[in-house]
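Student: Protein sequence lines, in the order shown, are assigned to chains A and B. Each residue of the first sequence is one higher than the last, beginning at 312 in the numbering used here. Each residue of the second sequence is one higher than the last, beginning at 5 in the numbering used here.
These are calculated hints, taken from the structure and not from any lab test. Some hints could be false.
[As the list claims (entries may be wrong)] When the alpha-carbon atoms are kept at most 35 angstroms apart in a straight line, the in silico DSBU-like pairs for lysine-lysine are as follows:
| # | chain 1 | residue 1 | chain 2 | residue 2 |
| --- | --- | --- | --- | --- |
| 1 | B | LYS351 | A | LYS545 |
| 2 | B | LYS498 | A | LYS608 |
| 3 | B | LYS298 | B | LYS21 |
| 4 | A | LYS409 | B | LYS495 |
| 5 | B | LYS525 | A | LYS346 |
| 6 | B | LYS351 | B | LYS413 |
| 7 | B | LYS535 | A | LYS346 |
| 8 | B | LYS508 | B | LYS164 |
| 9 | A | LYS522 | B | LYS332 |
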Amino acid sequence: MSNNTNMLNATCPACGLLCDDISIDGATANNACAKGIAFFSQAVASPQPLISGKQATLEEAMKRAVEILSQSQRPVIAGLSTDIHGMRALTPLATRLKAGLQHINHASLQRNTQAMQSAGWFTTTLSEVKNRADVIVCIGTDIVTHNPRFFERFVWVKDAMFTDPNARKIVYLGGEKLDTIHGREGAWILPSRAADLPDILAALNALLLNKLLKADSVAGIAMADLQKLAETLKQAKYAVLTWAAKDLDFPHASLTVQQITNIVGTLNQSTRAAGLPLGGSNGDYSINNVHAWQTGKVLPDLQDAKPDAQVWVNSFNAEAPPSFSKVPTIVLGNTNTPKMPWFSHADVFIPVATPGLDCGGTMMRVDSSISLPLKQVRDSNLPTLADVVRKLESELP
Amino acid sequence: MITLLKNGRLYDPAHGKNGVQQDIYIRDGRIIDKPNAAEKIDQVYDLAGKVVMAGAIDMHSHIGGGKVNIARMLLPEFRNYTEPEAHICTPHCKHHATPTTTETGFRYIEMGYTAAFEPAMLPINARQTHLEMGDTPLIDKGCYAMLGNDDYFLRLLHQKADQKAINDYVAWTLHATQAIGIKVVNPGGISAFKFNQRKLDLDENNAHYQVSARDILKSLSRAVHELGIAKPLHVHCNNLGAAGNFETTLNTMGASDGLPMHLTHIQFHSYGTEGDKKFSSAAAQIAEAINKHKHITADVGQILFGQTVTASGDTMQQYLNSKLAHPKKSVLMDIECEAGCGVVPFKYKDQNYVNALQWAIGLEIFLSVEDPWRIFLTTDHPNGAPFTSYPHLIRLLMDKTFRNEMFDKLNLDARAMSNLKSLEREYTLYEIATMTRAAAAKLIGLHDRGHLGVGAAADITVYTDQADREAMFSKPDYVFKDGELVVKDGKVIKVTWGATHTAKPAFDSGVEHDLRDYFEKYQTVQLDNLKISDDEIADNGHGCVINHTNLKGEK
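Chain A with its partners taken away, still in its complex shape:
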């Protein structure tokens, strides 16, 4: 990072909240959470293209990548960890290569998508939460594991237009290894395994519909507590039911997302409530949206694909290994990639600029509807993903 003493406003793409109140002052990212600090302080580690781990020029690396892709019958472009502009460049490449596309977060994206496509939903956005929510139920999640500043920025705020922020009721319903400290002392914790949520949510919805249940407890939660939760929700002026799809990691979890949104539907018959899918990383929501407007559909899930080559895009984070092992792999990505234990599998590595760090960009927040500019905060002279992809596309036979 440069020694520039001028404060620079930045937007942090490390999670779906896209905090845009970050000020970069030399090596310090003010207001950033631990994830944000890690993001802004990552080094430009290996700015050289590599072929089978050996230094190469960009032209040589490009040539090798073209060879691999030309020989492939069933290529995929996976990872897709980039911003809107990067994805806009990848779509024509995918069309040209007839390549499948898969985001690194495909499993959690699918849980929400399937729920929405089955039954629709009623959701809200973060400013509405900040100004209206009087009850917030965190279902199977502590939120902060994924979105560390959620409570700081949207819950325990000084001013809210339509509710007393300090009087908000926070409920944790189910989930493992929760960090509930951010819900403060008044938080109400109803512990259960995440995998028991289907039973618990079914019972809660039944209670909201005034159905009698002949049981004393459901998955370890006393019926009296569930009844009290139902009453709390009914009395709320604006209840927000939130979840993080990554934490609902059990079979048929999309049905659990649907149960949550069903409860929202029940509540909206008499009061106001809304769902709020949280989490988000590696540009997942942005990429899904670009794909939808460019192709008319959400991102597919290629779980059963048997590709014979992959382009792995990991602009934001080098750690995760590519989706498909044992196939020729071209990495377009983060300069820290060559340090990763999995890297020996990669045939070609072409470093690209990380949006929000080495170049500007645009991303969508996890609550959708809100897109924000990412700022360049350092000079690394790395090419953007779009530059590299367009060059690659132009060199394909």
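Use these hints to put chain B onto chain A, whose structure you have.
Tutor: Below, chain B without anything else, positioned relative to chain A:
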């Protein structure tokens, strides 16, 4: 380079030309005077017998932004394609309720439309809207920014802020979001629904702010008028879709004290409560009122039968409509203390009493409003039908026999409740050119579009005159965009990128002082990040911004 279009029959209502045979010369994307004899003519198109009009302008079509994209995500069943790009150039693709951005540009230009305006852009969603439009090739575009349910504005109104403060905020929004007009949706109602109010009429108060829909309309129509932008306040009235809502609509016409207002998709707001089913046509009353009130313009929002999806900012009414969703699912959202949205798929059936009558009501309005300069051809894409059905709609307007044949297939009870067959009118080519070109350009303030005079942008559509008007308007012989031939025989032959039209009236930048304070306290993004720069729109070399500041009344 000079291009000559010779011997065409011009339908150019802005210049009173009704089928006049006249040559057009084009240079550098503009229509020019006949050059002197020494200048070289590089290209000549002989258009003898052809119908020549300016490129058509769709003044209300949901072509960009969050709602449309939610519809794409919600409805995979609308696309039965395995190859992501396989559909792009197919001429008779049926799935245009949720077209891709590429398809949007292609299908519009292939019908001779050279511009389309997104009518419901949330300021917070402006960046996404412009990104989607940036991926929409060939046509020009623009947006109306939604205000009137945002808490900042409602607080101003509640505090009885002076009109100057409102005007500055409205102008600031036009600048920040790169819009060309202002829209209000269910004035006060979207906000009221967040406080669990389930209905709001014109003179009812939003319970939290104690301001009425009428107060909101008065304030915003005045702001738009005083700022001097051409586009009148775009109004989606209260009570959309509700039986008996025509009275709200009639009363709304009086809410601006005679200042210009445009009432959008008025078909959805022209329902009475007569008959056994307590749902009837009030088209006659609405048309009569439009004829009388010269400050009012309207577009119809015609419905056509088939599967589509409705996408609206009107969360309050879309929540009610979600019970009628087909397929049975919908996405609703409260959004950022600004507004909301409701995406509800819908299938209009000709044997359904209400749907059949909706169809008839739209056509009754078209045929009963006398002045084609004040009524506009829309389906409120995709809400009434996809925009690709415009040629069919034009035939319904121009061909009484065809219209009556269609009418005879409708639900019997609906037929008994409509006077459509007694309406003899058939629109002329001149009137179609007025409502889809000249009047739309005038309404929005695009002074160099929508006509064929010297100095106009050479957005020109050439048709073969055919008795079957649907066939004629489905497939132009040629479409020129900014002087370049981009469509031949109804197919795109060249891909270009259109401009984004905006209006940026002057304002007191001091407005940012209070706005910044409000954003820091209550919103969740930095005020400066709401602003869209010209550079963002020009990104990739695919776009550019054209500003039409304070051009009202100028020529």
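Student: Quickly compare the C-alpha distance for B/LYS508 and B/LYS164 to 35 angstroms and report which way the hint goes.
Tutor: Holds - the C-alpha atoms of B/LYS164 and B/LYS508 are around 25 angstroms apart, at most 35 angstroms.
Student: For the pair supplied as a hint, B/LYS351 and A/LYS545, confirm whether the alpha-carbon distance does not exceed 35 angstroms.
Tutor: 34 angstroms, holds
Student: With the threshold set at 35 angstroms, check whether the alpha-carbon distance from A/LYS522 to B/LYS332 stays at or below it.
Tutor: With a Cα-Cα distance of about 24 angstroms, the restraint between A/LYS522 and B/LYS332 holds, given a limit of 35 angstroms.
Student: Starting from B/LYS525, check that the Cα of A/LYS346 is at most 35 angstroms away, please.
Tutor: 25 angstroms, holds
Student: Would you mind confirming whether the straight-line C-alpha gap from B/LYS298 to B/LYS21 stays at or under 35 angstroms?
Tutor: 24 angstroms, holds
Student: Quickly compare the C-alpha distance for B/LYS351 and B/LYS413 to 35 angstroms and report which way the hint goes.
Tutor: Holds - the C-alpha atoms of B/LYS413 and B/LYS351 are around 17 angstroms apart, at most 35 angstroms.
Student: Take the C-alpha atoms of B/LYS498 and A/LYS608, compute the straight-line distance between them, and say whether it is at most 35 angstroms.
Tutor: 26 angstroms, holds
Student: When you check the alpha-carbon spacing of A/LYS409 and B/LYS495, does it fall within 35 angstroms?
Tutor: 24 angstroms, holds
Student: Is the hinted pair B/LYS535 and A/LYS346 satisfied, with a Cα-Cα distance of at most 35 angstroms?
Tutor: 27 angstroms, holds
Checked against the numbered hints given earlier, this structure breaks none of them.
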